[in-house]
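Engineer: Residue numbers (the numbering used here), protein chains in the order written: chain V, 47 to 177; chain F, 6 to 139.
In short, the hints are calculated from the structure, not lab data.
Every residue gets a Cβ at the ideal spot worked out from N, C-alpha and C, and that includes glycine.
Be a bit skeptical, because a hint or two may be false.
Restraint ranges, calculated between C-beta atoms of paired labels, are given here [unchecked claim]:
1) E61(F) with P53(V): 49 to 57 Å
2) A86(V) with L19(F): 35 to 43 Å
3) V97(F) with D102(V): 19 to 27 Å
With the Cβ distance kept under 7 Å, some of the chain F side facing chain V (calculated, not the full set) [stated by the list, open to error]:
4) H64
5) L71
6) G72
7) G94
8) A126
9) I134
Spelled out, the chains give:
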Amino acid sequence: MASHPRPTSPHLQVYRPQLTSITSILHRLTGLFLSLGVVALVVWLMAAAAGATEFDRVQACLGSIPGRALLFLWTGAFFYHLLNGLRHLAWDAGWGFELATAYRTGWAVMIGTAILTVAAWVLGYWARGAF
Amino acid sequence: MAGKASGKSLRSELGRVRGLGSAKEGTQHWWMQRMTALALIPLSLWFIATLVCLAEVDHATAIWWLGSPLTLGLMSLFLIALVYHAVLGLQVVIEDYIHGHAAKLVLLLLVQAAGVALVAAGLVSLLVIVIYGG
């Protein structure tokens, strides 16, 4: 074993967080969180099929303050996972592995997520005549 | 390690690796995760765009939107690609963090069963809306 040291994974408790490691962990976390969103989507579809009473109840849940907070977090997780997913697909194609590029695309994902998430919600409220 | 093992074993290097895995399906999981990711780019953008327009709709409007053939097609594709992608992703997370053999197997089966159930429930709901009008 000692004559052939293998590369080991960084130990999280002694590993200084960096943008590259944080974007990687966030990709998993947003993926897990978005999987729960699939359940919400199917419940919403089932309620629509069940009838107006059931649908109104689900819509009221989603429209409440905790419901909206959850939907906002799902929107943010979605745009993050989409943008960072594009980054992963670019890596799969062999592009963007240089450290400087990886940092630049990492920041682009973070800033892009913030802009798109806020834009989607501003558009949503604006479409309903909130402003 | 390879030198030591081959020194003790009478089997050839080729004989030892044969049958340990398929050379044809080894990339299946990786490939399908990327294929569903690509499919989900346009489908999820369509889904988010319509949700931005449709949030807070009443039942009649929702049924009108969900009942159109275009929505039925796109929503079915979206749901299938989404659940497929989610199950593949959850599988990797389970394989990485759950080390007990039984617990891992049971969780993987549960996730896959949940995926199939969610797709079935979603597709049946869409068909009910299209056929009976909700």
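Engineer: It remains to establish, for every hint, whether it holds in the given structure.
Structural biologist: Structure-based check of all given hints:
Take E61(F) and P53(V): their Cβ atoms lie about 52 Å apart, and the range 49 to 57 Å holds. Roughly 51 Å separates the CB atoms of A86(V) and L19(F), a value that falls outside the hinted 35 to 43 Å. Taking 19 to 27 Å as the suggested C-beta distance range, the pair V97(F) and D102(V) does not conform, at roughly 38 Å. Below 7 Å, beta-carbon pairs count as interface contacts, and H64(F) has one with chain V at about 4 Å; its hint therefore holds.
Interface hint at L71(F): satisfied, since its Cβ lies 6 Å from the closest Cβ of chain V, which is below the 7 Å cut-off. Below 7 Å, beta-carbon pairs count as interface contacts, and G72(F) has none with chain V, the closest being about 10 Å; its hint is therefore violated. Taken as an interface hint, G94(F) checks out: its beta carbon lies about 5 Å from the nearest beta carbon of chain V, inside 7 Å. This hint holds: A126(F) has a C-beta 5 Å from the nearest C-beta of chain V, less than the 7 Å allowed.
Proximity of I134(F) to chain V holds as hinted, the smallest CB-CB distance being about 5 Å (cut-off 7 Å).
Hint violations for this structure: numbers 2, 3, 6, all remaining hints satisfied.
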